[in-house]
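What follows is the residue order along each chain.
Number of protein chains: 4
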Amino acid sequence: MTKILGIAGSLRAASSSKAVLRAVLANLPSGVEGTTAEIWPLPHYNSDHDGGPEVAEFIAQIASADGLVFVTPEYNYSIPGVLKNAIDWASRPAYASVFAGKPCMIISVSAGALGGVRAQAHLKYILNGMLAHVHPGQEIVIPQAPQKLDQGVFNDAAILAFIDAQVSDFCAALPKA
Amino acid sequence: MTKILGIAGSLRAASSSKAVLRAVLANLPSGVEGTTAEIWPLPHYNSDHDGGPEVAEFIAQIASADGLVFVTPEYNYSIPGVLKNAIDWASRPAYASVFAGKPCMIISVSAGALGGVRAQAHLKYILNGMLAHVHPGQEIVIPQAPQKLDQGVFNDAAILAFIDAQVSDFCAALPKA
Amino acid sequence: MTKILGIAGSLRAASSSKAVLRAVLANLPSGVEGTTAEIWPLPHYNSDHDGGPEVAEFIAQIASADGLVFVTPEYNYSIPGVLKNAIDWASRPAYASVFAGKPCMIISVSAGALGGVRAQAHLKYILNGMLAHVHPGQEIVIPQAPQKLDQGVFNDAAILAFIDAQVSDFCAALPKA
Amino acid sequence: MTKILGIAGSLRAASSSKAVLRAVLANLPSGVEGTTAEIWPLPHYNSDHDGGPEVAEFIAQIASADGLVFVTPEYNYSIPGVLKNAIDWASRPAYASVFAGKPCMIISVSAGALGGVRAQAHLKYILNGMLAHVHPGQEIVIPQAPQKLDQGVFNDAAILAFIDAQVSDFCAALPKA
Numbered sequence: 001m002t003k004i005l006g007i008a009g010s011l012r013a014a015s016s017s018k019a020v021l022r023a024v025l026a027n028l029p030s031g032v033e034g035t036t037a038e039i040w041p042l043p044h045y046n047s048d049h050d051g052g053p054e055v056a057e058f059i060a061q062i063a064s065a066d067g068l069v070f071v072t073p074e075y076n077y078s079i080p081g082v083l084k085n086a087i088d089w090a091s092r093p094a095y096a097s098v099f100a101g102k103p104c105m106i107i108s109v110s111a112g113a114l115g116g117v118r119a120q121a122h123l124k125y126i127l128n129g130m131l132a133h134v135h136p137g138q139e140i141v142i143p144q145a146p147q148k149l150d151q152g153v154f155n156d157a158a159i160l161a162f163i164d165a166q167v168s169d170f171c172a173a174l175p176k177a
Numbered sequence: 001m002t003k004i005l006g007i008a009g010s011l012r013a014a015s016s017s018k019a020v021l022r023a024v025l026a027n028l029p030s031g032v033e034g035t036t037a038e039i040w041p042l043p044h045y046n047s048d049h050d051g052g053p054e055v056a057e058f059i060a061q062i063a064s065a066d067g068l069v070f071v072t073p074e075y076n077y078s079i080p081g082v083l084k085n086a087i088d089w090a091s092r093p094a095y096a097s098v099f100a101g102k103p104c105m106i107i108s109v110s111a112g113a114l115g116g117v118r119a120q121a122h123l124k125y126i127l128n129g130m131l132a133h134v135h136p137g138q139e140i141v142i143p144q145a146p147q148k149l150d151q152g153v154f155n156d157a158a159i160l161a162f163i164d165a166q167v168s169d170f171c172a173a174l175p176k177a
Numbered sequence: 001m002t003k004i005l006g007i008a009g010s011l012r013a014a015s016s017s018k019a020v021l022r023a024v025l026a027n028l029p030s031g032v033e034g035t036t037a038e039i040w041p042l043p044h045y046n047s048d049h050d051g052g053p054e055v056a057e058f059i060a061q062i063a064s065a066d067g068l069v070f071v072t073p074e075y076n077y078s079i080p081g082v083l084k085n086a087i088d089w090a091s092r093p094a095y096a097s098v099f100a101g102k103p104c105m106i107i108s109v110s111a112g113a114l115g116g117v118r119a120q121a122h123l124k125y126i127l128n129g130m131l132a133h134v135h136p137g138q139e140i141v142i143p144q145a146p147q148k149l150d151q152g153v154f155n156d157a158a159i160l161a162f163i164d165a166q167v168s169d170f171c172a173a174l175p176k177a
Numbered sequence: 001m002t003k004i005l006g007i008a009g010s011l012r013a014a015s016s017s018k019a020v021l022r023a024v025l026a027n028l029p030s031g032v033e034g035t036t037a038e039i040w041p042l043p044h045y046n047s048d049h050d051g052g053p054e055v056a057e058f059i060a061q062i063a064s065a066d067g068l069v070f071v072t073p074e075y076n077y078s079i080p081g082v083l084k085n086a087i088d089w090a091s092r093p094a095y096a097s098v099f100a101g102k103p104c105m106i107i108s109v110s111a112g113a114l115g116g117v118r119a120q121a122h123l124k125y126i127l128n129g130m131l132a133h134v135h136p137g138q139e140i141v142i143p144q145a146p147q148k149l150d151q152g153v154f155n156d157a158a159i160l161a162f163i164d165a166q167v168s169d170f171c172a173a174l175p176k177a
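Residue numbers (our numbering), protein chains in the order written: chain A, 1 to 177; chain B, 1 to 177; chain C, 1 to 177; chain D, 1 to 177.
Each hint can be trusted.
Identical copies go unnamed one by one, so any copy, or any two together, can satisfy a pair.
Only pairs whose alpha carbons sit at most 25 Å apart, straight line, appear in this in silico SDA-like list of lysine to any residue:
id, residue 1, residue 2
1, K3, Y95
2, K148, G112
3, K148, P93
4, K148, R92
5, K148, A113
6, K148, H49
7, K3, E139
8, K3, I62
9, K3, P136
10, K148, A94
11, K148, A111
12, K3, A96
13, K3, P29
14, K148, D48
15, K3, D164
None of these hints come from the bench; they were simulated from the model.
Model the full structure from these sequences, guided by the hints.
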């Protein structure tokens with residue numbers, strides 16, 4: 001089985017990012033299985049410490065995944081600090097961390113009209129900087145995301161079809177284990 | 001007295017960012033006093049909660065400051081997650097938070113050759129996005145910062161002179177309370 | 001009279017950017033007059049030459065303006081090369097060109113859904129880098145701009161009202177000559 | 001033979017970018033041949049016209065290359081307008097131009113201390129936006145480039161060795177025609 005690790009950038013219980021990630025992981029192509037990383041238990045990054053077992057577990061999840069799917073909201077024209085904090089923990093040593101060479105896909109969401117496109121720009125640059133391989137597809141941005149949830153389920157059929165096509169391309173291009 | 005609030009982006013005990021911030025705050029112009037914000041006690045941002053008294057204190061510090069000085073390292077081509085997390089807490093409501101109209105200065109540091117210039121680009125964009133007024137001076141980047149500390153004291157005279165000139169301009173341009 | 005110089009980033013005859021700029025300059029506050037810079041006659045930037053009289057004229061227009069209003073489309077996630085080329089000509093010497101200290105406003109337009117927000121990010125960074133003072137307002141992005149033209153006239157009343165409010169703030173904050 | 005097309009971002013006769021590009025193309029791995037694109041003859045981009053034979057030639061060069069190597073200076077915290085203008089001509093239709101899927105490498109140069117790292121960030125974002133495949137290697141930035149030329153020849157051995165290693169990786173990863 002090909003393994004996808006999903007990472008949502010928000011901690012809110014009713015987060016649109018989490019809902020979109022659930023929808024993506026529920027519709028993976030045949031032969032691909034998805035799991036979700038939890039970033040809330042990670043402490044603040046501080047290189048004086050190793051971060052404890054939660055950090056080790058997060059790094060191991062990334063290492064064992066064939067590809068990563070990020071779904072992130074936009075906070076203040078960038079990604080949430082809490083998502084960047086999780087990335088920081090798994091980013092050492094520079095240029096040779098578990099992110100190096102790791103295939104990644106990005107989806108951004110917002111409550112506003114622009115779908116988190118600014119946050120996506122920053123995340124792409126951060127991932128490139130760690131030598132991750134960001135899937136070169138048309139950017140997936142989801143504006144007015146909260147209005148597209150029904151009882152916590154993201155169910156915008158047109159957007160899901162657009163996402164699924166890119167996820168299929170992404171999964172098909174993953175190196176076979 | 002004009003009040004400057006200093007915010008360092010790293011939590012390390014021996015952080016170069018903290019050392020540079022100490023040097024800046026120790027050399028403020030006459031009539032200007034500096035204090036330091038602590039970002040390590042802030043929880044992970046989650047809009048389901050208000051973050052407790054540490055968040056309230058952090059927001060109050062920003063609100064009562066006449067200007068902010070950020071000194072940040074670069075982690076993975078952007079600012080540390082923990083610094084972005086602190087900013088996220090103080091950023092609501094959008095376009096009308098304590099950052100709106102707040103004069104800000106940015107200094108970036110790195111152990112490498114480029115002085116954190118990439119992190120500075122992201123921080124500037126984030127601050128602009130909250131309608132803060134980023135001081136329009138030549139970017140202050142400090143490469144090989146750890147080598148410029150002596151027993152925890154940043155003492156590169158040429159860089160300090162360059163910084164002090166900009167800090168003086170920044171303080172002189174602050175609106176009088 | 002306060003003088004505003006408008007700069008459109010596209011050369012197309014039927015450009016939405018030009019149409020939006022015409023609408024902005026036709027609605028300036030009382031006591032403010034607007035003129036338009038032409039960037040098409042400028043040669044490709046090459047510091048081996050001075051660019052000739054068209055470059056001298058462009059620089060003089062910027063120097064004598066109290067504020068600049070850019071209206072730009074987005075080409076390939078950034079500003080048009082032709083707009084950047086014009087900026088390059090007027091950008092010397094570094095940090096001390098006619099852009100240093102010059103108040104600027106940015107409006108971006110696109111045929112798509114995101115209104116040129118990516119181009120706006122690059123233009124803001126470029127202007128900041130020359131020490132221009134970018135007006136710290138909420139970003140003005142105009143999606144589906146071509147659909148909002150009627151016989152070459154931009155007439156979306158809601159967007160024009162939003163723009164006019166920011167233009168008024170911008171003009172009111174300009175240093176008096 | 002694998003074909004590399006080199007594109008320099010400056011028009012100056014004594015350009016450091018051109019000198020670095022010459023050095024790169026003179027040291028390509030066995031089985032790889034390099035040619036240079038000329039961007040100075042291209043007119044200003046204007047979608048009302050097709051740009052003429054120079055544009056057609058430039059697009060054909062990109063189409064027939066197995067990979068592209070950009071060497072760019074930094075003008076005002078971004079790439080030169082003249083380089084962006086060339087890219088704009090070859091960028092249509094969006095997401096399906098000759099850049100889509102094209103392997104690209106970036107080298108930036110500057111006269112100052114930061115090696116054009118800001119320009120590199122913008123170029124990477126622009127190329128990603130056209131679905132080009134930017135080689136995920138450590139960024140190659142060359143500070144104080146003019147001082148590293150000897151009679152127009154770039155001959156900094158340490159930097160050339162660093163570049164050649166990445167160029168070899170890049171060429172080895174190119175899809176075989």
